[in-house]
Amino acid sequence: DVKVTQSSRYLVKRTGEKVFLECVQDMDHENMFWYRQDPGLGLRLIYFSYDVKMKEKGDIPEGYSVSREKKERFSLILESASTNQTSMYLCASSLVGTAGNTIYFGEGSWLTVV
Amino acid sequence: GENVEQHPSTLSVQEGDSAVIKCTYSDSASNYFPWYKQELGKRPQLIIDIRSNVGEKKDQRIAVTLNKTAKHFSLHITETQPEDSAVYFCAASPSGSARQLTFGSGTQLTVLP
Numbered sequence: 001d002v003k004v005t006q007s008s009r010y011l012v013k014r015t016g017e018k019v020f021l022e023c024v025q026d027m028d029h030e031n032m033f034w035y036r037q038d039p040g041l042g043l044r045l046i047y048f049s050y051d052v053k054m055k056e057k058g059d060i061p062e063g064y065s066v067s068r069e070k071k072e073r074f075s076l077i078l079e080s081a082s083t084n085q086t087s088m089y090l091c092a093s094s095l096v097g098t099a100g101n102t103i104y105f106g107e108g109s110w111l112t113v114v
Numbered sequence: 001g002e003n004v005e006q007h008p009s010t011l012s013v014q015e016g017d018s019a020v021i022k023c024t025y026s027d028s029a030s031n032y033f034p035w036y037k038q039e040l041g042k043r044p045q046l047i048i049d050i051r052s053n054v055g056e057k058k059d060q061r062i063a064v065t066l067n068k069t070a071k072h073f074s075l076h077i078t079e080t081q082p083e084d085s086a087v088y089f090c091a092a093s094p095s096g097s098a099r100q101l102t103f104g105s106g107t108q109l110t111v112l113p
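Order-wise, the sequence lines are chains A and B.
The first sequence begins at 1 in our numbering and counts up one residue at a time.
The second sequence begins at 1 in our numbering and counts up one residue at a time.
Chain B with its partners taken away, still in its complex shape (with noise of 0.2 Å):
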C-alpha cells in the first residue's frame, strides 16, 4: 500500500519568513495529494490540493508543488503569520482507491511573533 512520509516533524518561523513541508509517497499510481491544517483542539481542514496533471498550485499565501518523478510534494507558505501556527498534514491517494487517503505523520508549525 501506499506509504507517506512527512519532514521535519517540528518547524519555527519568524513571522513574515517562509515556511517549507516536504512529502514523499511511494506508489507511483497515486494522483491526489492534498494538504489539511489542524488548529489546536479543531478539527483538519482542506488547505489545498494538488492534482497529478499539475505540477504547481497556489492560492494567495500558500503553495503546494509536486514533482512525479521524485515522487515528492510541498508545501510552501509565504509571509507566515501567527494564524499558520498549526499542525499540517499531508496526504496521497492512489487511483481509485476506496480509502482515499494515506496521510503523513504531521509538522506542527510554529509561527514565532
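Next up, chain A with everything else stripped away, as it sits in the complex (with noise of 0.2 Å):
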C-alpha cells in the first residue's frame, strides 16, 4: 500500500519564521508534489519535483521554496511565514510519465500563520 507521509499535522507559527513542512513516500516514485488546499479554490499546485533535485513551479509559487535531496523526500519551505499563508498543505507522489499516474496523496498538514 501506497504511503505517503506528512511529519507534522497542526502546525501553528508566528509570522515571519521560517516553516518546513517535510514529506516522505515509501513507493519510489519519481514525482512529488506540494499542493495547497483552501475552500473554493480546490488543490493548487505550488511546485513539483520530478526527480531529486529538480523543482518545478506550479500554479502558486510565491513565498514558497522547496527541496528535494533524496527520492523519498519532498520539503516545502516557508522563507518568512505569512497570514495569508494559513491553510491546508497536501504532498503527493506518482509515478514520472505522462498523464495518466494516479496521483497518491498524504494526510495534509493544517498550517496556521499568527
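Simulated from the structure, these hints should not be mistaken for lab results.
Please note that a few of the clues may not be correct.
[What the hints assert, rightly or not] Lysine-lysine pairs mimicking DSS-like chemistry, simulated, CA-CA at most 30 Å apart:
#1 K22(B) - K71(B)
#2 K13(A) - K55(A)
#3 K70(A) - K18(A)
#4 K18(A) - K42(B)
#5 K53(A) - K70(A)
#6 K42(B) - K71(A)
#7 K70(A) - K42(B)
#8 K71(A) - K57(A)
#9 K58(B) - K22(B)
#10 K42(B) - K55(A)
#11 K68(B) - K57(A)
#12 K3(A) - K13(A)
#13 K3(A) - K71(A)
#14 K42(B) - K57(B)
#15 K13(A) - K57(A)
#16 K42(B) - K3(A)
#17 K57(B) - K68(B)
#18 K3(A) - K57(B)
#19 K53(A) - K18(A)
#20 K57(A) - K71(B)
#21 K42(B) - K58(B)
#22 K53(A) - K13(A)
#23 K68(B) - K13(A)
#24 K57(A) - K70(A)
#25 K57(A) - K42(B)
#26 K22(B) - K42(B)
#27 K57(A) - K22(B)
#28 K3(A) - K58(B)
#29 K55(A) - K3(A)
#30 K53(A) - K3(A)
Two chains, two frames, a set of hints: combine them into the complex.
Written out as C-alpha cells, the structure reads:
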C-alpha cells in the first residue's frame, strides 16, 4: 500500500518564522508534489519535482520554496510565514511519465500563521 | 495552461437518490480525467478515472462520462449512501504534462438520511 507521510499534521507558527513541512513517500515514486487546499479554490499546485534536486514551479509558488535532496523526501519551505499562508498543505507522489499515473496524497498539514 | 471548472460547489441529496457533478476543461490536449474523494479530515483518494479514448466508465454505483467535443466530464453516483458524503474533486491532465493534474474547485456532497 502506497504511503505518503507528512510529519506534522497541525502547526501554529508566528508571522515571519521560517517553516518546514516534510513529506516522505515509500513507493520509489519519481514525482512529488506540494498542493495547497483552500475552501472553494480546490487543490492548487505550489511546486513539483520529477527527480532528485529537480523542481518546477506550479501555479502559486510565491512565498514558497522546496527541497528534494533524496528521492523519497520532498520539503516545502515558507521562508517568512505570513497570515495568508494559513492553509492545509497536501504532499503527493506519483510515478513519472505522461498523463495517467495515479497521484497519492498524504494526510495533509494544517498550518496556522498568527 | 489547463483550467478546470467544477459545478456545483455544494450538493445535498436524499439517501438513495442520484448525484451528478460536472466539470469542464479548457485544454483540448487533456486526455486523462480522474475523480478524487476526500472524506472529512482525510486525504483525497482516487475513486474513478477515464481516458480520452473512452466515453463512459462504471464502477458499481459510480460512473464517469466524457464528452471530448464539448470538453466536459461528469461524475454520477447512484443510490447514494451517507458514506458518500465528502468533497469530490475532478481533474484533467494534458498529455505529456509532468505536473500531472489540474484540479477543479471541489464539490461538497451531503447525503441526507
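Next pair to validate is K53(A) with K3(A); report whether the Cα-Cα distance is within 30 Å. Holds: K53(A) and K3(A) sit about 21 Å apart, inside 30 Å.
Verify the proposed pairing of K3(A) with K13(A), using a straight-line Cα cut of 30 Å. holds (27 Å)
Between K42(B) and K55(A), is the straight-line Cα distance small enough, at 30 Å or below? With a Cα-Cα distance of about 27 Å, the restraint between K42(B) and K55(A) holds, given a limit of 30 Å.
Between K53(A) and K18(A), is the straight-line Cα distance small enough, at 30 Å or below? holds (21 Å)
Would the pair K18(A) and K42(B) pass a check requiring their Cα atoms to be no farther apart than 30 Å? holds (26 Å)
Run the distance test for K13(A) versus K57(A): straight-line Cα separation, threshold 30 Å. Given that 30 Å is the threshold and the Cα spacing comes to 24 Å, the pair holds.
Is the straight-line distance between the alpha-carbon of K42(B) and that of K71(A) 30 Å or less? Satisfied, since the Cα-Cα distance of roughly 25 Å is no more than 30 Å.
For the pair supplied as a hint, K22(B) and K42(B), confirm whether the alpha-carbon distance does not exceed 30 Å. holds (23 Å)
If you draw a straight line from the CA of K70(A) to the CA of K42(B), is it 30 Å or shorter? Within the cut-off at roughly 26 Å; holds.
Please verify whether K42(B) and K3(A) have alpha carbons no more than 30 Å apart. Cα-Cα ~13 Å, so holds.
Between the alpha carbons of K71(A) and K57(A), is the straight-line distance 30 Å or under? holds (18 Å)
Compare the distance between the alpha carbons of K68(B) and K57(A) with 30 Å, and conclude whether the hinted pair is satisfied. Holds - the C-alpha atoms of K57(A) and K68(B) are around 29 Å apart, at most 30 Å.
In summary, the structure is inconsistent with hint 23 from the numbered list given earlier, while agreeing with all the others.
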